[in-house]
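In order, the protein sequences belong to chains U and S. The numbers in this note's numbering rise by one with no breaks, and the one at position 109 of the first sequence is 109. The numbers in this note's numbering rise by one with no breaks, and the one at position 18 of the second sequence is 18.
Simulated from the structure, these hints should not be mistaken for laboratory data. Quick reminder that beta carbons are idealized off the backbone N, C-alpha and C, glycines included. Incorrect hints may appear among the rest.
As the list claims (entries may be wrong) - To give an idea of the interface, some chain U residues facing chain S are shown, with a C-beta separation under 8 Å as derived from the structure:
1. M22
2. N30
3. G52
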Amino acid sequence: MKPGDALAGEEVLVGAERMKTMSALMRDANPIHFDPDAVRALGLGDRPVNQGPLNQAYVVTMLARWSGGRVRALRLRYLGTVFAGDRVRAGGRVTAIGGGVAECEVWLDVVGGDRVLAGTAVVEVP
Amino acid sequence: MRVPDEAGLAALVGTPLPGGEFTFEPWWVHLVNDCALAPVDGGADSPVFAFLAATAAMGLSWEEMWAMFGATEADGPMAGESVTEVHRPLRVGATYAVRGEIVSAVRKRGARTGVFDLVGYRLDLHDADGCAATCVSSIVFPRRSR
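Excised from the complex, chain S in its bound form:
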């Protein structure tokens, strides 16, 4: 698998993600809240549910996301930061369209971590009234051989 050079990383910015649709089915929301030790009748109106729906329906698997940047699970990609805004309440039973793209991709060198690539991606949840939630997250790809 070929790791993109810095120009290759820059060229990936703006790449759209396939996207898809996600429905907050009541049984699924109940179980996620149970796993999160939250009230099971607490609904889906939180940044956590926005992130889960967005990543579930982004249209590619995590392995496919890693592959876009020349990496596999064995390379140890890690979550860096996530910024989620819920613009209006997310509703149980509602279906949202997910659209997204790669918004940043740069190579960095840390004193402790060595060389790594920092990749940002944005996912939006849309319904008939427009954008209901926005998630911008980053992935850290260690590049130990660079």
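Excised from the complex, chain U in its bound form:
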């Protein structure tokens, strides 16, 4: 592991059924996560919108699989929206290593689309 190393997560398909479960788990009543009519009414198309914490989780999973350690800190800007049926891929780059942690730039991209999350992370490394 060294500064400049690239991180790449697996490409994942974002499914509407998991969003419904997540709405229940979060007690999130916002219908944009489970009702296409609500999404349509906002002019956002006709596919439910993925929850922000799930988008964050794709980045965290990539970091944990790469390092084998815990993610201590995460700073993310929300740049866009992920819809049901999108394929997304997390990515990143190591910017510094020392003191048992790696500092990384991280992001989440819609495959064939826009960057939807960007920020930094601190993750424990062996």
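Using the hints provided, position chain S relative to the given structure of chain U.
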């Protein structure tokens, strides 16, 4: 619903959130990891779980949070940025007290977005040993009529 002016926004900084308690129940952690396409036995020790617990037990609903700033879901409030630090491992089965407050609230004007209010709030997870995790997040409130 009345939208606060700039002085009103400033006056809301420091407002405590009611807070509450959150327990990382094993079945809940399993299902969240499943939804996130993460290993279901991956535990709750990540910034994502800190954020979920903090917002679940902040003591008010999102609609109540929007109302504090004179907005509703129909106004299209959006997440801006989140900064989460997990100071020590979060444990499945453990209960955390959540405390928080509004830490910033300012009116801005963007060339593309027009007028919006940027509101920051902080939520901490505490256990018997002190603060286990800290989440500082921002919400963007579009103010199309301003």
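Going through the hints against the structure:
Satisfaction of the interface hint for M22 of chain U is found here, the shortest Cβ-Cβ separation to chain S being roughly 4 Å, below the 8 Å cut-off. Annotation: N30 of chain U was flagged as interfacial toward chain S, and the flag holds, the nearest CB pair being 6 Å apart, inside 8 Å. Because the closest C-beta pair between G52 of chain U and chain S is about 5 Å apart, less than 8 Å, the hint holds.
The structure meets every hint from the earlier list without exception.
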